[in-house]
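2 protein chains.
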Amino acid sequence: MKVIVIGGDGYCGWATALHLSNQGYDVGILDNLSRRYWDSKLGVDTLTPIAPIQKRIKRWQELTGKTIDLFVGDITDYSFLSQTLRQFEPEAIVHFGEQRSAPYSMIDREHAVFTQVNNVVGTLNILYAMKEDFPEAHLVKLGTMGEYGTPNIDIEEGYITIEHNGRKDTLPYPKQPGSFYHLSKVHDSHNIHFACKIWGLRATDLNQGVVYGVLTEETGMDEMLINRLDYDGVFGTALNRFCIQAAIGHPLTVYGKGGQTRGFLDIRDTVRCIDIAIKNPAEEGKFRVFNQFTELFSIKDLAEMVQKAGQAIGLKVEIDNLDNPRVELDEHYFNAKNTKLLDLGLQPHYLSDSLLDSLLNFAEKYKGRVDKEQILPTVSWHRK
Amino acid sequence: MKVIVIGGDGYCGWATALHLSNQGYDVGILDNLSRRYWDSKLGVDTLTPIAPIQKRIKRWQELTGKTIDLFVGDITDYSFLSQTLRQFEPEAIVHFGEQRSAPYSMIDREHAVFTQVNNVVGTLNILYAMKEDFPEAHLVKLGTMGEYGTPNIDIEEGYITIEHNGRKDTLPYPKQPGSFYHLSKVHDSHNIHFACKIWGLRATDLNQGVVYGVLTEETGMDEMLINRLDYDGVFGTALNRFCIQAAIGHPLTVYGKGGQTRGFLDIRDTVRCIDIAIKNPAEEGKFRVFNQFTELFSIKDLAEMVQKAGQAIGLKVEIDNLDNPRVELDEHYFNAKNTKLLDLGLQPHYLSDSLLDSLLNFAEKYKGRVDKEQILPTVSWHRK
Numbered sequence: 001m002k003v004i005v006i007g008g009d010g011y012c013g014w015a016t017a018l019h020l021s022n023q024g025y026d027v028g029i030l031d032n033l034s035r036r037y038w039d040s041k042l043g044v045d046t047l048t049p050i051a052p053i054q055k056r057i058k059r060w061q062e063l064t065g066k067t068i069d070l071f072v073g074d075i076t077d078y079s080f081l082s083q084t085l086r087q088f089e090p091e092a093i094v095h096f097g098e099q100r101s102a103p104y105s106m107i108d109r110e111h112a113v114f115t116q117v118n119n120v121v122g123t124l125n126i127l128y129a130m131k132e133d134f135p136e137a138h139l140v141k142l143g144t145m146g147e148y149g150t151p152n153i154d155i156e157e158g159y160i161t162i163e164h165n166g167r168k169d170t171l172p173y174p175k176q177p178g179s180f181y182h183l184s185k186v187h188d189s190h191n192i193h194f195a196c197k198i199w200g201l202r203a204t205d206l207n208q209g210v211v212y213g214v215l216t217e218e219t220g221m222d223e224m225l226i227n228r229l230d231y232d233g234v235f236g237t238a239l240n241r242f243c244i245q246a247a248i249g250h251p252l253t254v255y256g257k258g259g260q261t262r263g264f265l266d267i268r269d270t271v272r273c274i275d276i277a278i279k280n281p282a283e284e285g286k287f288r289v290f291n292q293f294t295e296l297f298s299i300k301d302l303a304e305m306v307q308k309a310g311q312a313i314g315l316k317v318e319i320d321n322l323d324n325p326r327v328e329l330d331e332h333y334f335n336a337k338n339t340k341l342l343d344l345g346l347q348p349h350y351l352s353d354s355l356l357d358s359l360l361n362f363a364e365k366y367k368g369r370v371d372k373e374q375i376l377p378t379v380s381w382h383r384k
Numbered sequence: 001m002k003v004i005v006i007g008g009d010g011y012c013g014w015a016t017a018l019h020l021s022n023q024g025y026d027v028g029i030l031d032n033l034s035r036r037y038w039d040s041k042l043g044v045d046t047l048t049p050i051a052p053i054q055k056r057i058k059r060w061q062e063l064t065g066k067t068i069d070l071f072v073g074d075i076t077d078y079s080f081l082s083q084t085l086r087q088f089e090p091e092a093i094v095h096f097g098e099q100r101s102a103p104y105s106m107i108d109r110e111h112a113v114f115t116q117v118n119n120v121v122g123t124l125n126i127l128y129a130m131k132e133d134f135p136e137a138h139l140v141k142l143g144t145m146g147e148y149g150t151p152n153i154d155i156e157e158g159y160i161t162i163e164h165n166g167r168k169d170t171l172p173y174p175k176q177p178g179s180f181y182h183l184s185k186v187h188d189s190h191n192i193h194f195a196c197k198i199w200g201l202r203a204t205d206l207n208q209g210v211v212y213g214v215l216t217e218e219t220g221m222d223e224m225l226i227n228r229l230d231y232d233g234v235f236g237t238a239l240n241r242f243c244i245q246a247a248i249g250h251p252l253t254v255y256g257k258g259g260q261t262r263g264f265l266d267i268r269d270t271v272r273c274i275d276i277a278i279k280n281p282a283e284e285g286k287f288r289v290f291n292q293f294t295e296l297f298s299i300k301d302l303a304e305m306v307q308k309a310g311q312a313i314g315l316k317v318e319i320d321n322l323d324n325p326r327v328e329l330d331e332h333y334f335n336a337k338n339t340k341l342l343d344l345g346l347q348p349h350y351l352s353d354s355l356l357d358s359l360l361n362f363a364e365k366y367k368g369r370v371d372k373e374q375i376l377p378t379v380s381w382h383r384k
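Protein chains in written order, with full-length UniProt numbering: chain A, 1 to 384; chain W, 1 to 384.
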């Protein structure tokens, strides 16, 4: 089965491309390499020394005999996208290819506009290319749990049945996203839902939680296959960032009280979730939504777990409660459902001491590459 | 009070700008005149011979002594927008300045992408300009009843209180828009809601129904002030289009069974609703939503009303049930609330025989300008 991974040079995309290749799919990577470029422009870098995509793919072939086709270009360029898909002829399209950082989208007006235009137009182009040439293909699209915000009721998977004034309907779950990036994912979800309805396309929106970890079975095979690991204030996410901070003796940066509760998952589960979604495609005309996380944690709890794990290997780990640069509740109800992927067979890697140990050791190994100037958050959600 | 009307050269915008000027507001019009340009490109034209915006404004001043400032430019050009607002210093910003046709957005990929980028970026730019320079100003933004789609439960005004698994919250009403244009309005609503929340801006989203009629107290003063009246398959909307079809002896074009029920309002109420919203601004940080329509009608009912009114003045009026070019239910539950504007004092002009008479006579007067080739819908929502 032919699967194209858009954004296959990124953190989730690279791990997924290799996993799918290892599982026997015929994999292509389409990527504009923009994450590497944005890193350069912001002066940040992954903790890990990632190889150029061409060398990564070559090494993968040397190690496994499996080839991955590479298409370097931008999906907001419709003629490039259309030609690439016609050449590759995908049966499933996995779409990670978006600007995925909330702080990046909040830097200023230009970054907000860029994020929304880039993400919305890229996804619209994919939908039109599917309509024209691949109406039977299955779109597996990365959404985010952040589309829901933090409502005071349970979060369902994409839809909610509402009884109101004696009548009942199942409607898209209300969205309260918390950044211009998260908003772009909400826009995408609405656009994809509509395209499925009018053109009979099939799509799965994976509302993913915060991903942690770095090694997968495949990326761990060889240092040339190593995945990126972001720790900076713009692209770094909670648990990964905390482990790197612990390794270099920097206080863990908790925003506000740390009562923000979110869904989390191990990157080894991300790659399995994509595989599960592909193996169980959405029906024709259906816009299906899975909540893709395995556990709920508060930021405070995670910081304390990293502190404890760090202390166990002799690190001195402090926790700093920074003024929250974001506008969000730091204490709230949060109960999100995640049974759909479990029902399809996902066997989660729950967060464990051994994972934290391994991540801390990994961070220790590369800590010489850390630029301490990049750790603190510099982007504010506030007007003044 | 200084009010800038973005899109003040359009159908609703022009009528509103004059009404606000007549009410004593200090009015500016910001418009890129793109509707006139799109008409040229599509080869369509308003039934009525509209004067250039500069002449319209000059005539208004001659008749009333009231001046309206004119700023010709595009709000997707941030430096133009920002400079214009700094020069005019608005206390309220009325935003009609978007691509507003569902069929236009469905012509092809380019028109879908254009509609979403144009509308979303324009609104984002307004939000950033307000954040930078006019955080106290009140944004009065035109949304659409089409954001809600046709759910099987009552439609509330922007928000719905949901009880779920023993808990309760009031959340944004779920959106099921039916075109890439309607989707752009949903994207706008989410973006504006977020900006109000994080920056403390104040905004009113007016989810307007289908507007009919052409004369207002102000635009009827002089032929040089005449408003546009669209009858073509791309920009023409249900009731106005039917009256023009009746006047020229063309069958009324009902899509499918005509059981589609929508909210409608007289353009004389549109201009009053804007005035009411401005006079009663949203609180700081609040994203307020009003459903702006006065009556619900099915398309079939409207066609029959026009048929009857036409026959009463001696016209022979047939009704044609065309294959529906859109993907939408043509029989469905529809019950939308509209009490918020009524509570603030709106006194509706309900659809009456005399309005239909006047609209039919108006259409008769200009029927020599009709291009019959432009009447039938040519844009399809369907894949094949």
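Don't take each hint at face value.
As the list claims (entries may be wrong) - Within a straight-line C-alpha distance of at most 25 Å, the following computed DSS-like cross-link-like pairs (lysine-lysine) qualify:
#1 K168/W to K337/A
#2 K131/A to K168/W
#3 K2/W to K286/W
Rather than coming from a laboratory, the hints here were simulated on the basis of the structure.
Cross-check of the supplied hints:
A distance of roughly 17 Å separates the Cα atoms of K168/W and K337/A; the hinted pair therefore holds under the 25 Å criterion. Distance check on the hinted pair: K131/A and K168/W sit about 40 Å apart at the alpha-carbon level, beyond 25 Å; violated. For the given pair, K2/W sits about 21 Å from K286/W by alpha-carbon distance, which is consistent with the 25 Å threshold.
Hint 2 from the list above is the single one not met by this structure.
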